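So the sequence lines, in the order shown, correspond to chains A and X.
All the letters of the first sequence, read from the start, carry residue numbers 1 to 260 under the numbering used here.
All the letters of the second sequence, read from the start, carry residue numbers 1 to 247 under the numbering used here.
Keep in mind the hints are simulated off the structure, nothing from the lab.
Please note that the accuracy of each hint is not assured.
[As the list claims (entries may be wrong)] Calculated lysine to aspartate or glutamate pairs in the EDC-like style (CA-CA distance at most 20 Å, straight line):
#	chain 1	residue 1	chain 2	residue 2
1	A	K28	X	D107
2	A	K8	X	E171
3	A	K254	X	E127
4	X	K87	A	E258
5	A	K22	X	D129
6	A	K22	X	D106
7	A	K98	X	D176
8	A	K18	X	D129
9	X	K126	X	E112
10	A	K22	X	E127
11	A	K23	X	E171
12	A	K23	X	E112
13	X	K56	X	D146
14	A	K98	X	D196
Being a predicted model, the structure only gives us computed values, none of them experimental.
Here are the chains, one letter per residue:
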Amino acid sequence: MIKLKVFKELYNYRELLKTNIKKEIRGKYKGSWLGVIWTFLNPLLMLAVYAIVFPYILRVDVENYTIFMIVALIPWNFFTTAIQTGTGSVVANGNILKKVYFPREIIPISITTSQLINFLITCIIVTIFIIVSGVGFSIHLLLFPILVLIQYMLTLGLTFILSALTVFIRDVSHFISVILMLGFYATPIVYLGSMLPEKFQIFLKLNPMAQLVEAYRAILYYHKFPDIKMMTIWGIGSFIILIIGYLIFKKLEKSFVEEL
Amino acid sequence: MKKDVAIKVAHVSKDFKLYYDKANTLKEKILFFSKKNRSKNDIHHVLKDINLEIKKGESVALIGTNGSGKSTLLKLMTKIIYPTSGKITTNGKLTSLLELGAGFHDDFTGRENIYFNASIFGLTRKEIDEKIDEIIKFSELEEFIDNPVRTYSSGMYMRLAFSVAINVQAEILLIDEILAVGDQHFQEKCFKKLKDLKKSGKTIVIVSHSMEQVKQFCDRAVWLYKGQIKMDGKASDVLEEYLKICG
Numbered sequence: 001m002i003k004l005k006v007f008k009e010l011y012n013y014r015e016l017l018k019t020n021i022k023k024e025i026r027g028k029y030k031g032s033w034l035g036v037i038w039t040f041l042n043p044l045l046m047l048a049v050y051a052i053v054f055p056y057i058l059r060v061d062v063e064n065y066t067i068f069m070i071v072a073l074i075p076w077n078f079f080t081t082a083i084q085t086g087t088g089s090v091v092a093n094g095n096i097l098k099k100v101y102f103p104r105e106i107i108p109i110s111i112t113t114s115q116l117i118n119f120l121i122t123c124i125i126v127t128i129f130i131i132v133s134g135v136g137f138s139i140h141l142l143l144f145p146i147l148v149l150i151q152y153m154l155t156l157g158l159t160f161i162l163s164a165l166t167v168f169i170r171d172v173s174h175f176i177s178v179i180l181m182l183g184f185y186a187t188p189i190v191y192l193g194s195m196l197p198e199k200f201q202i203f204l205k206l207n208p209m210a211q212l213v214e215a216y217r218a219i220l221y222y223h224k225f226p227d228i229k230m231m232t233i234w235g236i237g238s239f240i241i242l243i244i245g246y247l248i249f250k251k252l253e254k255s256f257v258e259e260l
Numbered sequence: 001m002k003k004d005v006a007i008k009v010a011h012v013s014k015d016f017k018l019y020y021d022k023a024n025t026l027k028e029k030i031l032f033f034s035k036k037n038r039s040k041n042d043i044h045h046v047l048k049d050i051n052l053e054i055k056k057g058e059s060v061a062l063i064g065t066n067g068s069g070k071s072t073l074l075k076l077m078t079k080i081i082y083p084t085s086g087k088i089t090t091n092g093k094l095t096s097l098l099e100l101g102a103g104f105h106d107d108f109t110g111r112e113n114i115y116f117n118a119s120i121f122g123l124t125r126k127e128i129d130e131k132i133d134e135i136i137k138f139s140e141l142e143e144f145i146d147n148p149v150r151t152y153s154s155g156m157y158m159r160l161a162f163s164v165a166i167n168v169q170a171e172i173l174l175i176d177e178i179l180a181v182g183d184q185h186f187q188e189k190c191f192k193k194l195k196d197l198k199k200s201g202k203t204i205v206i207v208s209h210s211m212e213q214v215k216q217f218c219d220r221a222v223w224l225y226k227g228q229i230k231m232d233g234k235a236s237d238v239l240e241e242y243l244k245i246c247g
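Next comes chain X alone, as it looks inside the complex (with noise of 0.2 Å):
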């Protein structure tokens, strides 16, 4: 892989199976063996042959209807997912926004589940305390972070997780409609710290539903449609394309 490429997409498709009842058990499974030629119609393409070269400090919008694959697409990117067939290589620490707040224990305090959760993300105890105030200052929730995190409220929550997230230091960033976290304040403060990121050179990919945003943010858009893309290009130019069809 070239060392300017953030994310390689190859020749990557992905089914997934199509369950009506979905056999779990041994019997079941043994029962129902001789289904499985006929479930060749049940499966679902989700993604057909997608091929995307993302550079690294692009930031990248990938717009579609709904069901239309973006989501899939991200998860493939973060490998809580694998492709059916075709390759995806990432070149450097990649975070996702995807599911916020992933490994937070309720009886836990506010500090102690920014160390759960940074873990995840693979940074050492270390960085951790490196990171922590910025991480504290940023959810402005100094006076709640040794309480538990059952006692806040949603807001609070999004905001914590969202904090950890998006300060963990990544080089690729992949976030699924993640702007609509808090008040008014408290999204305008993420998408200025979203900027100072694509700023700093990191890269950024985005699904969103959010025209504006994506107006405001993207370079490049990518259109998927039923599982392929349909346009990638200039975000400007894709958009209105987009527009007119689905506007």
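Next up, chain A with everything else stripped away, as it sits in the complex (with noise of 0.2 Å):
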């Protein structure tokens, strides 16, 4: 019942959840000369400076190191600028809030929604690279939607829980900048999981993201099926965090307006 109602308020505010989700996309480049072009530029040349580095600076013995670091690459920058950009947005729209309601939920969603979208479109370019370097595609890669379901879930769920804190505690965004960037190192991104000394497995178990893009890498680079277990486990997961997130958001909006 409660949630049925949850929907129906935000499909009223469908627009407004579309207009902010747009303004996200392109209010990033608007003034500059290229535009929208730099949604497919940006990941480009990030992708092109870690393909040029990494392979130098750390000596992992794979086959197209390149692919093997940007599959799992990809997808946890869509996991870090999501949780990034979303701890701090319902602060950065005090001024918003403190004036006309709407659902406030719309805030850490669009911007949870927006990055997924830059997350798909830089995926065109990941293809790319994937078709050039010869590794190709196989049938596993029909799983790729439900790791990006897991995947956005997860984010979800997070950004409610960080967005909503950081309005009575500011200095969260602060702090989770440095879980973020060790969060970096703690998944094998860069590396093989199986570097990892076998004391040190264990955290490769719980941190999901370590998971997620063991899971991403499965399908699109070894092309063989992920840890279906673990994915079990943390789709279920991240459906509860999601579930928490957004009823921990809805406890502590009603104070929004006299703490901003």
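Combine both chains into one complex, guided by the hints.
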């Protein structure tokens, strides 16, 4: 019953959600010469930098290291950018929250969704890399949408919690930048998970992004099925995080305006 | 809630914490944690146990001196803030004209801003498409509508914002001292539009210091004094009493 009301209100405000997402994607490059082209150019250049730098500083003995890294790096980037911008999003929109009522959850949802769209756009570039390098695709690609869905639920759930907390404790955003930096190294993005010593393996199991990154790599790079058991656990886990995050956000949103 | 009730305010109280130096960071929160017990004196009771029922189609004025809690009550009705205790239920689409131009972006054109602003009020694209000509016509900004709003004068800005807010077809309108928009001509036009809306059965709640407007426009007035309802009744009666004391 309550759930239905949630969707109904979001549906009523769908135009606001749409314009917010559009503003988030287009607004970033507004005023620049190349405009929307940057949406493609930016990840392309970033990938080029990583592809040039990492093979030389990290000696990981795998074939096609660039692809090995990219298929993990791009999902990771979606995660970090969404968390980072999402965390400060409610505070950043303080002015408008004070002026008018609209479902507050639209803010974190539109941030996460615009990052999802950016991620999918970047995937076009990843596709080109995969084809050009000769790695190619296999039937396992069909699992890709499921992985994206799990990641989206996880990211949105965390964004709900963090954006609401930041209103009351502004330090959260500084703390999160450090955590995300640590996360980059605690996730097997530029290295192989199996390179970690036995005693650290448990951290990879507990880190949902590590599991997701390994799964992306399994289907896109190794052309095999990901660890189905782990994916089921984290699929359910992400859904629970999403629900809990939403409930925390709804609980805290009532005092947003007085704290902003 | 009964069907003919538009807004129901039941036992609503609202407290604001008075911060002398707001503890914002975790460090400050921990350091000043013990202060929490002391801060009981620092709570300002803005509204105390308000009970109010506004019927559909009524036009009600909230009157009272500064700090009596009128605007807080209006903000509670819009759900911008939430009551400390008690419950407010509204029945029907609600628009507030508390802060005009929410979501306006200076770099975008007047037309684009109509879309932004109206979407914040919960309109869909289709609904805005249907309304847009009416909104532009009402604002009398036809020749400037495709210019960025940063080039607008403050009067033009308010005219555009007001035109959107008043044309979104809400069943309940909440207005805070809004009839001071634009020049004489535009004010009269707004007033006429509000009267039309009233005639068509919309519920309207106004906070106003202009007794003239209240007298002309509202059937009912609620007099708030220090966070409590001092008098509630026919506008002319309440105004008479009010002016006796405050005039």
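Results for each hint:
With a C-alpha separation of about 13 Å, the suggested pair A/K28 and X/D107 falls inside the 20 Å cut-off, and the hint holds. Proximity of A/K8 to X/E171 is assessed by CA-CA distance (about 19 Å); at most 20 Å being required, the pair is judged to hold. As the CA atoms of A/K254 and X/E127 are separated by approximately 29 Å, the hinted pair breaks the 20 Å bound. Only pairs whose Cα atoms come within 20 Å are accepted, and X/K87 paired with A/E258 is accepted, the gap being roughly 18 Å.
For the suggested pair A/K22 and X/D129, the alpha carbons sit about 18 Å apart, so the restraint of at most 20 Å is met. Simply put, A/K22 and X/D106 have alpha-carbon atoms about 17 Å apart, close enough for the 20 Å limit, and the pair holds. Under the criterion of a C-alpha separation no larger than 20 Å, the hint pairing A/K98 with X/D176 is consistent with the structure, at around 15 Å. A hinted pair counts as satisfied when its Cα atoms are at most 20 Å apart, and A/K18 with X/D129 qualifies at roughly 15 Å.
For the suggested pair X/K126 and X/E112, the alpha carbons sit about 14 Å apart, so the restraint of at most 20 Å is met. Taken as a hint, the A/K22 and X/E127 pair is honoured in the structure, with Cα atoms around 19 Å apart against an allowance of 20 Å. Note on A/K23 and X/E171: the hinted pairing is violated, with a Cα-Cα distance of about 29 Å set against a maximum of 20 Å. Of the supplied pair hints, the one linking A/K23 and X/E112 holds, its CA atoms being roughly 11 Å apart against a limit of 20 Å.
Straight-line distance between C-alpha atoms of X/K56 and X/D146 comes to about 38 Å, which puts the hinted pair past the 20 Å bound. At roughly 29 Å between alpha-carbon atoms, A/K98 and X/D196 are farther apart than 20 Å, so this suggested pair is violated.
Violated hints, in rising order: 3, 11, 13, 14; the structure is consistent with all others.
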